[in-house]
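Chains as they are written, first to last, in my numbering: chain A, 16 to 352; chain B, 16 to 352; chain C, 16 to 352.
FYI, nobody ran anything at the bench for these hints, they're computed from the structure. Be aware that one or more of the hints could be misleading.
No copy labels: a pair is met if it fits in one copy or bridges any two.
Under the rule of at most 20 angstroms between Cα atoms (straight-line distance), these lysine to aspartate or glutamate pairs were calculated in the EDC-like manner [claimed, not checked]:
1. K127 <-> E352
2. K327 <-> E47
3. K201 <-> E78
4. K201 <-> D277
5. K127 <-> D277
6. K158 <-> E347
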Amino acid sequence: MRKTLKELAGLIQGSIKGNEDIIIEGTAKAEEAKRGEITFAVSKKFLDKARNGQASAVIVPLEIKNFPKPIIRTKNPRLAFAQVLELFTPQIQRFSGIHPTALIGKDVKLGKDVTLGPYVVVGDRVRIGDNVYLSSGVYLGNKVVIGKDSFIHPRVTILDDAVIGEQVIIHSGTVIGVDGFGFVKKEDGSYHKIPQVGRVVIGNEVEIGANVAIDRATTGETRIGSGCKIDNLVHIAHNVTLGKNVAIVALAGISGSSTLEDGVILAGQAGVTEHVTIGSNTIVAAKAGVTKDTGSGLFVSGFPARLHSKQKRAKAIANRLPRLVKRIRELEKKVAE
Amino acid sequence: MRKTLKELAGLIQGSIKGNEDIIIEGTAKAEEAKRGEITFAVSKKFLDKARNGQASAVIVPLEIKNFPKPIIRTKNPRLAFAQVLELFTPQIQRFSGIHPTALIGKDVKLGKDVTLGPYVVVGDRVRIGDNVYLSSGVYLGNKVVIGKDSFIHPRVTILDDAVIGEQVIIHSGTVIGVDGFGFVKKEDGSYHKIPQVGRVVIGNEVEIGANVAIDRATTGETRIGSGCKIDNLVHIAHNVTLGKNVAIVALAGISGSSTLEDGVILAGQAGVTEHVTIGSNTIVAAKAGVTKDTGSGLFVSGFPARLHSKQKRAKAIANRLPRLVKRIRELEKKVAE
Amino acid sequence: MRKTLKELAGLIQGSIKGNEDIIIEGTAKAEEAKRGEITFAVSKKFLDKARNGQASAVIVPLEIKNFPKPIIRTKNPRLAFAQVLELFTPQIQRFSGIHPTALIGKDVKLGKDVTLGPYVVVGDRVRIGDNVYLSSGVYLGNKVVIGKDSFIHPRVTILDDAVIGEQVIIHSGTVIGVDGFGFVKKEDGSYHKIPQVGRVVIGNEVEIGANVAIDRATTGETRIGSGCKIDNLVHIAHNVTLGKNVAIVALAGISGSSTLEDGVILAGQAGVTEHVTIGSNTIVAAKAGVTKDTGSGLFVSGFPARLHSKQKRAKAIANRLPRLVKRIRELEKKVAE
Chain A
16 MRKTLKELAG
26 LIQGSIKGNE
36 DIIIEGTAKA
46 EEAKRGEITF
56 AVSKKFLDKA
66 RNGQASAVIV
76 PLEIKNFPKP
86 IIRTKNPRLA
96 FAQVLELFTP
106 QIQRFSGIHP
116 TALIGKDVKL
126 GKDVTLGPYV
136 VVGDRVRIGD
146 NVYLSSGVYL
156 GNKVVIGKDS
166 FIHPRVTILD
176 DAVIGEQVII
186 HSGTVIGVDG
196 FGFVKKEDGS
206 YHKIPQVGRV
216 VIGNEVEIGA
226 NVAIDRATTG
236 ETRIGSGCKI
246 DNLVHIAHNV
256 TLGKNVAIVA
266 LAGISGSSTL
276 EDGVILAGQA
286 GVTEHVTIGS
296 NTIVAAKAGV
306 TKDTGSGLFV
316 SGFPARLHSK
326 QKRAKAIANR
336 LPRLVKRIRE
346 LEKKVAE
Chain B
16 MRKTLKELAG
26 LIQGSIKGNE
36 DIIIEGTAKA
46 EEAKRGEITF
56 AVSKKFLDKA
66 RNGQASAVIV
76 PLEIKNFPKP
86 IIRTKNPRLA
96 FAQVLELFTP
106 QIQRFSGIHP
116 TALIGKDVKL
126 GKDVTLGPYV
136 VVGDRVRIGD
146 NVYLSSGVYL
156 GNKVVIGKDS
166 FIHPRVTILD
176 DAVIGEQVII
186 HSGTVIGVDG
196 FGFVKKEDGS
206 YHKIPQVGRV
216 VIGNEVEIGA
226 NVAIDRATTG
236 ETRIGSGCKI
246 DNLVHIAHNV
256 TLGKNVAIVA
266 LAGISGSSTL
276 EDGVILAGQA
286 GVTEHVTIGS
296 NTIVAAKAGV
306 TKDTGSGLFV
316 SGFPARLHSK
326 QKRAKAIANR
336 LPRLVKRIRE
346 LEKKVAE
Chain C
16 MRKTLKELAG
26 LIQGSIKGNE
36 DIIIEGTAKA
46 EEAKRGEITF
56 AVSKKFLDKA
66 RNGQASAVIV
76 PLEIKNFPKP
86 IIRTKNPRLA
96 FAQVLELFTP
106 QIQRFSGIHP
116 TALIGKDVKL
126 GKDVTLGPYV
136 VVGDRVRIGD
146 NVYLSSGVYL
156 GNKVVIGKDS
166 FIHPRVTILD
176 DAVIGEQVII
186 HSGTVIGVDG
196 FGFVKKEDGS
206 YHKIPQVGRV
216 VIGNEVEIGA
226 NVAIDRATTG
236 ETRIGSGCKI
246 DNLVHIAHNV
256 TLGKNVAIVA
266 LAGISGSSTL
276 EDGVILAGQA
286 GVTEHVTIGS
296 NTIVAAKAGV
306 TKDTGSGLFV
316 SGFPARLHSK
326 QKRAKAIANR
336 LPRLVKRIRE
346 LEKKVAE
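So here's chain A without its partners, still in its complex pose (with noise of 0.2 angstroms):
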């Protein structure tokens, strides 16, 4: 695919400092951009690798007035660069139809263009929008639902009663409506099991990675709410619920009963404790443990985690320790002699 500078500023309504007539055939990072590819630049530092690199152009904030190559200056560099991506990303060529190994359960709805790959099965009383792809090996448990162009990879495994949105992504290996982690300590301390008969919800615009586990609720849902990213290899317990947009990095967990409200970010190897409410775009860093409920728009760090700016003074302080031991050990000579 070709397409001028100009072509391109249309796209993400940037506007153009420089040749705007210059041939773009293609994407990539500062450092490996080659000439007649665009790249994009927000910091100093990738600022630094366009100017040195062999792209063609770069896409740039508002406030660069001048470089050294042709620019195309816009609100959301980083956004703009996805778009221009997915513009010379070409069309995956894919099976599509219904592979005669697919196997489907009774009384299922299949709405238009959708795509049961070699070896997926599908149980009872399912329904499937139209254009969702079930890739190969995908597994459906009975009364499943699943909104329209939603996309599963291969492997994926949904167990019964799982309502799962529209344009939903997720990715292989990923088990959604496991039973939750629940038993009862008897005296002879064995575990009885409780029963897991609740289910998972998931909204719209849902993206999960690879290998994750969601358990079931126990009595009621678990919930997902529309637009949340989840990465790999997310552990979310029973009856936990996520509000809209929430983003969830590599190894967090979620223990049971919790509630991330919209816009929370749990970055990776976080986890939370059981019963606890973490408020609206809050941040919680990496390898965080959130032991209580948390209010909104904060960033927290540690466990038990606390206000990060708390974290740090404490951190600093504890830095100072060595300086502290000499300063006592000179107040106690003086106070001998």
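Put chains B and C on the given structure of chain A with help from the hints.
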């Protein structure tokens, strides 16, 4: 299903206070229960929720003498609730029998009423007990043994030589019998693989979550004792030994050749290094890292893990650091005078 | 299999002290070895176990001159033991050839002696080298390349465009080529997906554990160097670069665009943030979090990670805090007087 409160009290061996003839048609959490449903409450918080909610009756501990709704008083309300929940859980209709797409190896012995779902693959010389259920896409390697009444969810992989007990539940995506992570570093910096030729042996009434990985032993056995409960995304390395009724919460990991004695609880994201033993009934807090042998009946936290009481004292003193700094400054002033 | 001690010594290039004609029929750990078996021991602890156990012979380091049982003295007893273990490991009988249920796409090139197990799915334009083994249920996307002598365990998913080297082992449930976790936040708080159009390139003699997730690059390549060993449940994000012989232990995670140079060891549950480089042969302790570039040949721990020696000193001082508090109190008393 409809039951009188009296019938339920009989089932859970509790005593009723209030109208024993009311009809119960379901169960739910205190805040979600509707008229006609029964809930349970142990703590003040949930007793309040039950009082203010719509539940028609509540299962409570013996110490509750009066309540504005009909109650069933019982020694272990959680266990009682689990039993009532079981009663009200509708039997799920599932495929049963040997699916025509299931592939069975040579010299396989199947018990009575065994189900092999679609696309199940069973290796050679496998033995499967009565009433075992292998869901869609389960893979069993050669010489695997599965005891009666076990339920294996879709897409579980059980590799050669593993022995699984009776009434075991294994959730989707889990892999049993992975090669352990064993290598010898050579002089040129590369690693030489140590053959992993042992096996995994799992006792009775064990439940294992989704996307768990359990390694086979290098030689000998990796052992999971009867009654163990393992949550999602847990890693268990080669030659680990779990006693009876050990509980391991999500995203925890146990390194090679370590032992967790009976009744140990390893909380979420905790870790255990190689060749250590954790004494019976010790609780390891979330995110803790156990680096040396630990006695029985303790509560340990932090990394390296030590007694939680000591850990808390250390944290308390650390929190007083800013005040200590002030006190030193004042002393310095006075001494200077 | 039966071998004389002399034959084993020849294999591992060691020298015998004791009766070289005794017959060895197997190998086991020091405490589990039975009469007729050989074990190995390096540390005093295991030398004692070997002395008191039933093993008929022991592989030991050169510095051991005398021992009450026949020994083979060798430079690297671990490596020697691995070689003896290989010798005694019976060849496993497996299905070989192209199973009738294996589905093969268009324009696929298969080398000699390739096995495609039951329910394997191979996409279009795939190239598979000689003697590659794809176990049951493996999925290969379009244009995947697999080098000769590689072994892919059941239910591994290798997505479009991935390139896998020679003699690579990938364990069950692992997913290669997942979309990276890349989104742009929009003004309304929702996320816009950045297309992930790069690929994964894996070198030779790499081993990857079970239920691992490796992301494809946004553009360009996620690279796993030759000789890397990756344990179970590890997360590797888009555009990560691993040098040669990097070892990553279970439940560790590496964020986008970071580099681990040759010989780095990342211990269990450790994490690495985005865009950092860890110098060659540096060891990152368990649970550590690396947040900035790190030199070569270091041992770092903690979060944020720093030199382990500094970390330990800081911990030691922190442990002395209660005594510091006492010293301050005494000073205050004296000064008040």
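Hint by hint, work out which the structure violates, then give me just those numbers in ascending order.
1, 2, 5, 6
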